[in-house]
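Build the full structure now, drawing on both the sequences and the hints.
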Amino acid sequence: MEKKICFVYDDIEKPSRIISGIIGKKRYSEIIYKKVKFIERLKQTLEKFYNTQIRFEYLKNKIEIENLRENLLFEDKEGSEKIYIHFLSSNVIVNEEKFFIFLEKCKYINQIMVDNKYNSSIMVFPNIQSYSEYLTKRTLDNNKNQFFLDKEEILPNNFKINLSELRDFLLFFSGSFEARYFNSLSSDKYTITKSSVDKIKMKKEHDFYYMLPHHMQKWMVMPYDYKENKERASYTMERLNIPDIALQWIHNSFNEESFENYLNKIFEFIITRERRNISKEKFNKIFNELYYKKVEERIRKLKEMEIYGEIDLFIKFSTDYNSIDEIFVEYKKYYNEIFNKKFKYIEVIGHGDPCFSNTLYDKSSEMLKLIDPKGALSEDEMYTNEYYDLAKLSHSILGNYDFMNNGLFTIELNNDLKMDLKIESANLKSLQDMFIKKVKEYGYDMEVIRVCEISLFLSMLPLHIDIPSKVFAFILNAINMMKELDKDGK
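Going by numbering that gives the first Met the number 0, 31 is the number at position 32 of the sequence shown; the sequence numbering is gapless.
Check each hint, because a few of them may be wrong.
[As the list claims (entries may be wrong)] With beta-carbon atoms standing in for the labels, derived distance ranges:
1) Phe316 to Ser424: 24 to 30 Å
2) Arg16 to Phe316: 25 to 31 Å
3) Lys482 to Glu305: 27 to 33 Å
4) Gln52 to Glu12: 44 to 50 Å
5) Lys229 to Ser468: 34 to 40 Å
6) Thr409 to Glu305: 23 to 29 Å
7) Glu280 to Ser468: 40 to 46 Å
8) Glu305 to Ile17: 45 to 51 Å
9) Arg16 to Asn118: 18 to 24 Å
10) Ile100 to Lys421: 39 to 45 Å
Hints in this document: simulated from the structure, not taken from any laboratory. Heads up, the beta-carbon is just placed ideally off N, CA and C, and yes, glycines get one too.
See below:
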């Protein structure tokens, strides 16, 4: 006889100390993967299973276990047929098709079954009596595995990965690089292959590593096995089981000591980049192209998009500006002021985008590797303005880019009937101050970095048009940054 499903999501056990070093003081349910919390991702998956009604219960502590047990026993008096799936929150579904087969099979079981009798993380109970007995034991004893050594395993059980083991956790997240634009990624346990219809871009990324001075190659992941056909190009890299900094940053896992270690490492990269002297004319040309013309071109592109009318209305009624053009005019004032500063007329070999999502970093070993460089086909293409990498760093540390990119923000109406941007993060001021101190320690101009950073947010607007709320967030963020520059005594 087919039964209804009561799905119990057990989020009581906290991640291990080592895993907490990556995700901070978060439960498994709160971990964000591809911009969605694990618990929400699971709910979305369960909603796709239309074959039967699923009741979802969420356990956060042992007191709730007893409350759930009593409620389920009371409801059982109504005589409805149910099966009970107890699902530990350290599990993540990686194959929905097999998971749905598992759910379908569960409706017909008549005995207790588990995913793995030696290390059970999903338990299925055929009636309230057997489940109630388990919940009582669960309240009293954390050693859950001893309960199921004599139970049968229900198949398929390879639809999920359990993140309680560090190796599996790192393996899961090291394969989570998001494919951008025309790129696609495929991977196995040891390698990642990146491919794209943009063959020139793939060639640039691959060749960049081999043109680097030897002392800079240590910062990059070595690409190899470049292939090209009529449609696509690809290359392969070693898969490093190291989390990116974006994952660690948005989960607030850094303390002052670990962040100081990271800053020391990334600034070693910054200050040892290969550099060369150039003329004032060439310096100004590069500076203008990166921080003015690029912004101007991207804004023109944004205004050509169908959705721009809505963006224009948002700016007009939600900010102190009447259009994106007015915002650009304001930005130009800050740009002109930094353009007229005195600079060393040099250029450096830059990564091009050392933001947090492109930086793999292990706190314990302090290993740092940069991925997805801008690439180059010639020596001249490798060089750029020395502030560009710093602006990219700053837009993650001071500019809250990774929080916005992962949807961790709200846009709220303030008392002046204008919109405010609220970032969902812990207080990062002490870490941000450490970055500012480090910038000044090495002789870089913080004002220049912040203006260049504003240019990045304005340049990104047409690239994120698929998520309009993110575009609005970037606009508000750029406006706030200009206000901060005024406040700092510009």
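Results for each hint:
no.: 1; hint: Phe316 to Ser424: 24 to 30 Å; verdict: holds (27 Å)
no.: 2; hint: Arg16 to Phe316: 25 to 31 Å; verdict: violated (49 Å)
no.: 3; hint: Lys482 to Glu305: 27 to 33 Å; verdict: holds (30 Å)
no.: 4; hint: Gln52 to Glu12: 44 to 50 Å; verdict: violated (28 Å)
no.: 5; hint: Lys229 to Ser468: 34 to 40 Å; verdict: holds (39 Å)
no.: 6; hint: Thr409 to Glu305: 23 to 29 Å; verdict: holds (26 Å)
no.: 7; hint: Glu280 to Ser468: 40 to 46 Å; verdict: holds (42 Å)
no.: 8; hint: Glu305 to Ile17: 45 to 51 Å; verdict: holds (48 Å)
no.: 9; hint: Arg16 to Asn118: 18 to 24 Å; verdict: holds (20 Å)
no.: 10; hint: Ile100 to Lys421: 39 to 45 Å; verdict: holds (42 Å)
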